[in-house]
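Chains A and B, in that order, give the protein sequences.
Counting the first sequence from 1 gives a position; my numbering is that position plus 5.
Counting the second sequence from 1 gives a position; my numbering is that position plus 5.
Derived from the structure by calculation, the hints contain no laboratory data.
Predicted model only: the values in this text are computed from it and were never measured.
Watch out, some of these pointers could steer you wrong.
Since the list gives no way to pick one copy over another, a pair counts as held whenever it fits inside one copy or between any two copies.
[What the hints assert, rightly or not] Mimicking DMTMM-like on lysine to aspartate or glutamate, the simulated pairs with C-alpha atoms at most 20 Å apart in a straight line are:
no., residue 1, residue 2
1, 125, 199
2, 125, 137
3, 208, 151
4, 26, 137
5, 136, 190
6, 208, 139
7, 136, 122
8, 212, 139
9, 210, 137
10, 46, 85
11, 46, 171
12, 46, 106
13, 46, 12
14, 26, 184
15, 46, 139
16, 125, 76
17, 210, 85
18, 208, 184
19, 136, 151
Protein chains: 2
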Amino acid sequence: MAGYVSEAVIRRLPGYYRHLKELESEGVMQISSQGMGERMKLTASQIRQDINCFGGFGRQGYGYNVTELREHIGRILGIDRMHRMIIMGAGNIGRAVALSDSFPANGFQVIALFDTDPQKFGSTIGSSPVKDLESIEAFLAVQSVDIAVLAVPTATAQAVANRLWDNGIRAIWNFAPVDLKHPRETTVVNVHLEEGLEILSFKMKHKNNA
Amino acid sequence: MAGYVSEAVIRRLPGYYRHLKELESEGVMQISSQGMGERMKLTASQIRQDINCFGGFGRQGYGYNVTELREHIGRILGIDRMHRMIIMGAGNIGRAVALSDSFPANGFQVIALFDTDPQKFGSTIGSSPVKDLESIEAFLAVQSVDIAVLAVPTATAQAVANRLWDNGIRAIWNFAPVDLKHPRETTVVNVHLEEGLEILSFKMKHKNNA
Numbered sequence: 006m007a008g009y010v011s012e013a014v015i016r017r018l019p020g021y022y023r024h025l026k027e028l029e030s031e032g033v034m035q036i037s038s039q040g041m042g043e044r045m046k047l048t049a050s051q052i053r054q055d056i057n058c059f060g061g062f063g064r065q066g067y068g069y070n071v072t073e074l075r076e077h078i079g080r081i082l083g084i085d086r087m088h089r090m091i092i093m094g095a096g097n098i099g100r101a102v103a104l105s106d107s108f109p110a111n112g113f114q115v116i117a118l119f120d121t122d123p124q125k126f127g128s129t130i131g132s133s134p135v136k137d138l139e140s141i142e143a144f145l146a147v148q149s150v151d152i153a154v155l156a157v158p159t160a161t162a163q164a165v166a167n168r169l170w171d172n173g174i175r176a177i178w179n180f181a182p183v184d185l186k187h188p189r190e191t192t193v194v195n196v197h198l199e200e201g202l203e204i205l206s207f208k209m210k211h212k213n214n215a
Numbered sequence: 006m007a008g009y010v011s012e013a014v015i016r017r018l019p020g021y022y023r024h025l026k027e028l029e030s031e032g033v034m035q036i037s038s039q040g041m042g043e044r045m046k047l048t049a050s051q052i053r054q055d056i057n058c059f060g061g062f063g064r065q066g067y068g069y070n071v072t073e074l075r076e077h078i079g080r081i082l083g084i085d086r087m088h089r090m091i092i093m094g095a096g097n098i099g100r101a102v103a104l105s106d107s108f109p110a111n112g113f114q115v116i117a118l119f120d121t122d123p124q125k126f127g128s129t130i131g132s133s134p135v136k137d138l139e140s141i142e143a144f145l146a147v148q149s150v151d152i153a154v155l156a157v158p159t160a161t162a163q164a165v166a167n168r169l170w171d172n173g174i175r176a177i178w179n180f181a182p183v184d185l186k187h188p189r190e191t192t193v194v195n196v197h198l199e200e201g202l203e204i205l206s207f208k209m210k211h212k213n214n215a
């Protein structure tokens, strides 16, 4: 993918990937920009523009080869390889992430959870062990980990994140409702769940005076 | 709030609300657009522009009254009142939402969960009962519900959503990785969790060639 890609296009990439996977599972082998646009509620010209951004694909009058485009977007997203994840916090959110089928199906594999509750140490959630948070440094010294899921209480989120960065973690998927201060070379993507609910509330309230 | 507000501004509203709540809890009573900008990683002029959008507030040389602005944004978001929620699907995600403290703290109250697994009927999660999905129509006939959380398997998401709309539900918070077809008068906000993880993967991969 050459040059600058806007945040809006980046945010649409996973949607392309998902729709192309659905098309594959429906046995669809090629699709026009028009057809793709109808699925994604975008115009055909917007689709062509996006896909040009991804490096150009498709031929005039033929459209896109579904599998080729899906694989291409998978490579752009970096999900053509496995990611090893740890989950900080074995509470409700950490548990839900650990038990999800959809993350391993896309190559995101949970290898361990960490918590501060001694009652949880040694148990497993799904097929992943729950370990003592105090052992995180020793664990990271010998294990290769790509992503840490941060699902700890708000009050401790920054402190736990600092320990992760200090021990080589470069990517955090953050569920704590807090904007983490983080080193420049690291990547943080936030899932602020309550914000989604607040936006739903906003949209309900303003539906009829839009 | 008068006139058109862009999607980008709407998406920032919950962040304003969260930061103002934090400021209140720190005992801060007023804050300049500069100070607010530093917290939110926006420029002072962007902050002033956003807040003007919300209906104008603050005085030259004084800044913003933290509590007034927080309450004002809460009203815009529609979270100055209670919302009654049901959760469709008592799996990992439904469970995590039902057990969260942060939703009730913001006025989003779970009143029941619905599932298809008879073993779960009659149990409670947090303080909410799990009921038979087949009783949803009877339930909605007598209960007032503002929001349905959709946490059912992808394959059944659209069918369950249709039953909700047919029985008066106007707002869905959708965790199923599918773009729901929905009536014009309804509101859907999607939480496509795997998309967040894919965007994290993208950002990791492209960090050094940005």
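Here's how the hints hold up against the structure:
{"no.": "1", "hint": "125 with 199", "verdict": "neither (27 Å within a copy, 26 Å between copies)"}
{"no.": "2", "hint": "125 with 137", "verdict": "within (8 Å within a copy, 31 Å between copies)"}
{"no.": "3", "hint": "208 with 151", "verdict": "between (36 Å within a copy, 12 Å between copies)"}
{"no.": "4", "hint": "26 with 137", "verdict": "neither (38 Å within a copy, 32 Å between copies)"}
{"no.": "5", "hint": "136 with 190", "verdict": "neither (27 Å within a copy, 48 Å between copies)"}
{"no.": "6", "hint": "208 with 139", "verdict": "neither (43 Å within a copy, 29 Å between copies)"}
{"no.": "7", "hint": "136 with 122", "verdict": "within (9 Å within a copy, 31 Å between copies)"}
{"no.": "8", "hint": "212 with 139", "verdict": "neither (48 Å within a copy, 30 Å between copies)"}
{"no.": "9", "hint": "210 with 137", "verdict": "neither (44 Å within a copy, 30 Å between copies)"}
{"no.": "10", "hint": "46 with 85", "verdict": "neither (26 Å within a copy, 33 Å between copies)"}
{"no.": "11", "hint": "46 with 171", "verdict": "neither (43 Å within a copy, 23 Å between copies)"}
{"no.": "12", "hint": "46 with 106", "verdict": "neither (27 Å within a copy, 35 Å between copies)"}
{"no.": "13", "hint": "46 with 12", "verdict": "both (18 Å within a copy, 16 Å between copies)"}
{"no.": "14", "hint": "26 with 184", "verdict": "between (33 Å within a copy, 14 Å between copies)"}
{"no.": "15", "hint": "46 with 139", "verdict": "neither (48 Å within a copy, 32 Å between copies)"}
{"no.": "16", "hint": "125 with 76", "verdict": "neither (40 Å within a copy, 40 Å between copies)"}
{"no.": "17", "hint": "210 with 85", "verdict": "between (41 Å within a copy, 11 Å between copies)"}
{"no.": "18", "hint": "208 with 184", "verdict": "between (24 Å within a copy, 17 Å between copies)"}
{"no.": "19", "hint": "136 with 151", "verdict": "within (18 Å within a copy, 40 Å between copies)"}
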